[in-house]
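Novice: Spelled out from the first residue to the last, the chains are:
Number of protein chains: 4
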Amino acid sequence: MTTVSLATLNAADQAAFVAALGDIYEHAPWVAQAAFTRRPFQSVAALHEAMMEAVNAATPDQRRALINGHPDLAGKAARAGTMTRDSRAEQASAGLDRLSDAEFARFHELNNAYRQKFDMPFIVCVRRHGKDSILRQFECRLQNAPASELNAAVTEIFRIAALRLDQRIEASDRLPVHGRLSTHVLDTHRGQPAPGVVIEFLELSKDAQPRLIASALTNRDGRTDAPLIGGCPLPIGRYELRFHIADYFARLDVRQSDPPFLDIVPLQFAIAEPEGHYHVPLLVTPWSYSTYRGS
Amino acid sequence: MTTVSLATLNAADQAAFVAALGDIYEHAPWVAQAAFTRRPFQSVAALHEAMMEAVNAATPDQRRALINGHPDLAGKAARAGTMTRDSRAEQASAGLDRLSDAEFARFHELNNAYRQKFDMPFIVCVRRHGKDSILRQFECRLQNAPASELNAAVTEIFRIAALRLDQRIEASDRLPVHGRLSTHVLDTHRGQPAPGVVIEFLELSKDAQPRLIASALTNRDGRTDAPLIGGCPLPIGRYELRFHIADYFARLDVRQSDPPFLDIVPLQFAIAEPEGHYHVPLLVTPWSYSTYRGS
Amino acid sequence: MTTVSLATLNAADQAAFVAALGDIYEHAPWVAQAAFTRRPFQSVAALHEAMMEAVNAATPDQRRALINGHPDLAGKAARAGTMTRDSRAEQASAGLDRLSDAEFARFHELNNAYRQKFDMPFIVCVRRHGKDSILRQFECRLQNAPASELNAAVTEIFRIAALRLDQRIEASDRLPVHGRLSTHVLDTHRGQPAPGVVIEFLELSKDAQPRLIASALTNRDGRTDAPLIGGCPLPIGRYELRFHIADYFARLDVRQSDPPFLDIVPLQFAIAEPEGHYHVPLLVTPWSYSTYRGS
Amino acid sequence: MTTVSLATLNAADQAAFVAALGDIYEHAPWVAQAAFTRRPFQSVAALHEAMMEAVNAATPDQRRALINGHPDLAGKAARAGTMTRDSRAEQASAGLDRLSDAEFARFHELNNAYRQKFDMPFIVCVRRHGKDSILRQFECRLQNAPASELNAAVTEIFRIAALRLDQRIEASDRLPVHGRLSTHVLDTHRGQPAPGVVIEFLELSKDAQPRLIASALTNRDGRTDAPLIGGCPLPIGRYELRFHIADYFARLDVRQSDPPFLDIVPLQFAIAEPEGHYHVPLLVTPWSYSTYRGS
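Protein chains in written order, with the numbering used here: chain R, 2 to 296; chain G, 2 to 296; chain L, 2 to 296; chain Z, 2 to 296.
Hints were generated in silico from the structure; no laboratory data involved. The reader is advised that the hints may include incorrect statements.
Same chains, same label: a pair holds when it works inside one copy or across any pair of copies.
Here are the simulated EDC-like cross-link-like pairs (lysine to aspartate or glutamate), alpha carbons at most 20 angstroms apart as the crow flies [what the hints assert, rightly or not]:
| hint | residue 1 | residue 2 |
| --- | --- | --- |
| 1 | Lys77 | Asp208 |
| 2 | Lys207 | Asp264 |
| 3 | Lys207 | Glu276 |
| 4 | Lys77 | Asp87 |
| 5 | Lys207 | Glu171 |
| 6 | Lys207 | Glu241 |
| 7 | Lys118 | Asp208 |
| 8 | Lys118 | Asp102 |
| 9 | Lys207 | Asp259 |
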């Protein structure tokens with residue numbers, strides 16, 4: 002995906018502008034066209050605002066058409082490979098491209114129920130959710146009244162658009178669409194950060210095996226060089242951090258029992274705020290540990 | 002298994018005495034016979050001491066015969082059902098009666114290697130070990146020199162005898178063969194013990210799924226009514242406690258995120274001292290927790 | 002003070018009964034006389050109940066006289082030495098016998114204001130309070146309406162009577178008038194209880210220097226041999242525990258900085274429930290510690 | 002004090018160079034003169050190095066004269082006001098300008114003992130110490146052998162010079178002479194940083210009352226806007242942080258006991274590394290807290 006600077010967009014003619022931003026709203030280049038008249042934009046936030054206003058100013062039929070332009074989640078378009086590139090990448094980010102047959106069937110069933118009740122596809126900004134969370138959203142929103150569900154769909158479309166703009170445009174500001182998850186290990190036996198601790202980071206799922214997302218090694222500050230998740234929303238879901246503590250203390254020749262009282266320490270926690278900052282540290286001796294949600 | 006009081010034993014004639022204690026040492030009623038001459042016994046500890054002295058005073062050939070009277074671990078006798086009742090129960094306590102074919106093959110291989118090197122069966126007091134720990138003992142002790150391994154076998158036979166005496170005899174003293182594992186949950190959000198918390202207690206294994214040993218509910222003191230393990234040795238191994246924390250705080254209407262930051266809190270730890278006291282508490286709020294080895 | 006058994010009381014004639022219990026209610030032997038008719042008592046709780054019922058069944062004038070029979074707190078009777086032995090000991094327990102002139106003047110002022118407003122002495126069960134707490138009670142209750150303050154006075158008289166009964170009578174039951182304050186030190190550096198730690202226990206006061214109540218040494222379980230307070234109510238107030246941690250780790254040759262990061266660790270906390278159980282432990286390494294209200 | 006840029010110094014003639022740096026070494030402009038020949042300096046570290054080399058290359062008599070040019074700590078020169086401006090400010094930083102008569106007498110006694118044994122003044126970089134720590138250094142170093150004490154004096158002179166250079170010179174690099182002490186308050190009751198918590202920071206002394214160094218209020222990140230100490234060495238000594246926790250939870254309407262179990266939480270700790278980073282956080286609920294040395 003190529004990016005484009007805000008300056009270039011501000012200087013572009015309408016054709017170039019719409020070519021660059023026509024797909025921010027799925028199959029709805031008219032949103033970019035409407036926003037074009039509001040140039041120049043001081044910030045990507047202003048551009049995002051202008052596009053949202055264009056959607057809000059459109060007729061109910063236009064909005065309904067915008068909604069209907071979205072593909073089903075894990076639907077036939079996905080299997081057939083006929084989704085837009087953006088939608089494909091987004092659905093893959095939540096693992097919707099590697100569903101088991103049972104899961105695919107469940108999505109199929111929910112998609113049908115949703116279309117039958119609301120006469121439109123179910124829309125959710127999947128980058129903000131893990132697979133379990135999407136299913137939970139699906140089941141909850143099926144209970145809504147049609148009017149509030151129309152609103153919910155537009156809110157999600159705005160979130161999708163914000164993330165697409167964030168990836169597409171270079172500007173001096175950033176949309177507030179990113180969360181951050183970090184950890185660090187403090188060795189309270191020695192009173193120092195713990196370097197060289199192997200950390201595994203996994204996504205938990207109600208019905209599937211834990212899925213390894215990342216492995217990392219703590220640096221001399223007891224932190225990972227990069228956040229565990231950064232530069233994107235934190236998908237709502239349950240996670241586990243595994244800290245290889247016995248190996249760490251063994252390297253320091255610290256007395257441990259045999260087998261060591263603590264070996265791999267698992268911390269399980271949930272992310273509920275995709276744009277939040279989560280700091281989940283481990284304070285540890287060979288005989289005790291504690292953790293907390295920091296920030 | 003019927004029990005017998007120390008007073009009855011002290012008053013018994015030799016035939017009755019040996020009938021009662023002849024199988025404390027596997028296929029070696031001569032140990033009870035030798036101990037009989039040392040009556041009366043003030044305590045079960047004195048009786049245990051007298052029987053150990055009888056073994057130590059025996060000839061090397063007698064000791065070798067005592068050792069050879071023990072069955073293989075998870076061996077043919079086990080499959081054929083020809084072990085003594087005590088040995089059968091002991092091997093079952095460590096799960097040696099429900100091995101997979103691969104595990105059975107591994108034991109078979111180790112038994113052969115051990116017999117080939119030492120010309121005797123591998124003896125370990127299995128009630129003090131989980132399955133992984135027995136395999137680790139097996140592999141370590143295969144490296145020993147024959148002389149030290151003879152000693153190791155007798156040490157283990159004494160441990161087995163102590164546990165059999167502990168189960169057989171009623172006396173005012175108890176042999177120091179028991180460990181204790183307990184937990185409690187302290188709600189540091191409210192500053193009170195946490196009642197009604199569901200706790201699951203599982204044995205972990207390198208190659209198998211966690212095995213549920215017990216479920217419990219905390220009482221008004223935040224403790225379980227009985228220790229998680231008590232009245233027997235703590236099998237060396239790795240364990241997990243799972244505390245259902247989100248449910249607990251939900252019942253109290255404490256604000257939690259959605260999904261709750263902490264749901265089921267897993268604590269994994271190892272037991273290394275079968276006769277030790279392990280207290281593994283959880284201090285918890287909806288946003289933090291800590292644990293430690295207490296006593 | 003001599004004690005008397007419940008059995009003896011149940012067998013006593015009225016004169017002996019009243020001789021033994023006539024001073025449980027200050028200058029009001031009629032309470033014991035009335036209770037005498039209810040013999041025999043199965044428990045000290047039943048006796049206490051009977052005496053309270055006698056007070057409740059008395060005329061308003063009798064109750065008013067009972068109240069007026071009590072001395073002022075830290076009043077002229079105290080200085081003149083004309084209080085009953087019980088009242089003298091009770092007031093001394095809260096330090097009312099060692100007031101500064103300014104404090105004495107403050108009590109004098111409050112006594113006058115209270116008598117002027119309610120036409121009776123201020124009554125509080127002083128064994129349940131530290132000096133600061135008594136003053137705070139005084140100031141709060143001065144704001145009450147007369148009717149509710151009459152009730153409050155009787156409630157306090159019942160508490161005083163319960164504590165006097167608890168000290169006077171030997172029975173198989175005990176009145177629930179005792180609290181307990183305990184601590185223990187867990188060395189999470191070694192994963193064991195910390196023996197030999199010097200602990201100082203002090204009462205804090207808003208306007209005075211901390212007052213040392215007790216010193217103790219942790220035993221091999223990391224606990225003190227006796228509770229810091231036990232067998233009596235816990236006086237409401239603020240306290241400090243001081244744990245000599247650097248000395249402890251120095252004896253174990255544990256590496257510490259120079260000067261040690263932690264030396265004497267102070268924990269300050271308040272007691273608010275005189276009949277409660279407070280457990281205030283210290284979990285400590287040379288570089289970290291934590292505490293909590295346990296039970 | 003005016004500062005001068007490294008560029009200006011590199012361009013200066015010898016007279017201007019010595020005018021700017023002649024007092025970096027006490028009464029020893031020859032050090033600056035010698036360093037002048039090594040221009041230009043790429044960094045303040047290179048300049049510091051050149052000046053140290055000049056001292057090391059000097060004759061023993063010159064070094065002895067340099068040492069003897071230093072004033073006594075809290076000595077007659079201090080009382081007479083005849084010290085250099087730098088020495089005056091440095092001694093004041095450690096509180097040596099506000100000694101009690103007893104402390105002054107103790108310094109007088111130590112100064113005499115030191116001069117008698119070593120025939121030179123006692124030199125220590127006082128900005129790296131609190132008053133108690135200076136006295137301890139004094140007493141320890143009095144035990145040294147003369148040769149090692151000569152070395153110690155030069156080491157301290159280099160530390161003094163480094164701090165004077167750090168304050169005098171603007172350059173793109175900084176000498177590693179600064180420590181940092183910070184704190185933060187995490188509310189583990191709510192799982193968020195605790196804003197608006199009053200914090201007092203005090204220096205503790207063996208023989209004197211605690212001395213308030215700073216008060217601060219936590220910001221929305223639960224931190225203080227500036228470090229408690231920064232931009233200078235951390236004086237070796239004992240300190241106390243006091244966190245006004247009951248007020249904080251009261252503002253949030255969190256249930257607390259009356260009086261609150263925790264009110265002002267004191268954390269006492271020592272600084273042993275003047276150039277270190279100390280992070281001393283408080284994790285707190287109304288019923289529990291923990292702290293640790295972080296970094």
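Novice: Could you figure out if Lys77 and Asp87 sit no more than 20 angstroms apart (CA to CA) within one copy, between two copies, both or neither?
Specialist: For Lys77 and Asp87, the Cα distance is within 20 angstroms only inside one copy (16 angstroms; across copies 63 angstroms).
Novice: Have a look at Lys77 and Asp208 and pick one of within, between, both or neither, based on CA distance no larger than 20 angstroms.
Specialist: neither (23 angstroms within a copy, 40 angstroms between copies)
Novice: For Lys207 and Asp264, with the copy left unspecified, which applies at a CA distance of at most 20 angstroms: within, between, both, or neither?
Specialist: Between. Shortest inter-copy distance 12 angstroms satisfies the 20 angstroms Cα cut-off; intra-copy 25 angstroms does not.
Novice: Should Lys207 paired with Glu241 be assigned to within, between, both, or neither, using CA atoms and 20 angstroms as the limit?
Specialist: both (13 angstroms within a copy, 19 angstroms between copies)
Novice: Between copies, within a copy, both or neither: which fits Lys118 and Asp102 at Cα up to 20 angstroms?
Specialist: Neither: 24 angstroms inside a copy, 54 angstroms across copies.
Novice: Within, between, both or neither: how does the pair Lys118, Asp208 come out at a Cα-Cα threshold of 20 angstroms?
Specialist: So Lys118 and Asp208 fail the 20 angstroms test inside a copy (27 angstroms) and across (48 angstroms) alike.
Novice: Is it within, between, both, or neither for Lys207 and Glu276, if the alpha carbons may be no more than 20 angstroms apart?
Specialist: neither (23 angstroms within a copy, 38 angstroms between copies)
Novice: Treating 20 angstroms as the Cα threshold, decide for Lys207 and Asp259: within, between, both or neither.
Specialist: Close across copies (15 angstroms), not inside one copy (34 angstroms); limit 20 angstroms.
Novice: Using 20 angstroms as the alpha carbon limit, work out where Lys207 and Glu171 are close: within a copy, between copies, both or neither.
Specialist: For Lys207 and Glu171, the Cα distance exceeds 20 angstroms both inside one copy (39 angstroms) and across copies (50 angstroms).
Checked against the numbered hints above, the structure breaks hints 1, 3, 5, 7, 8 and satisfies the rest.
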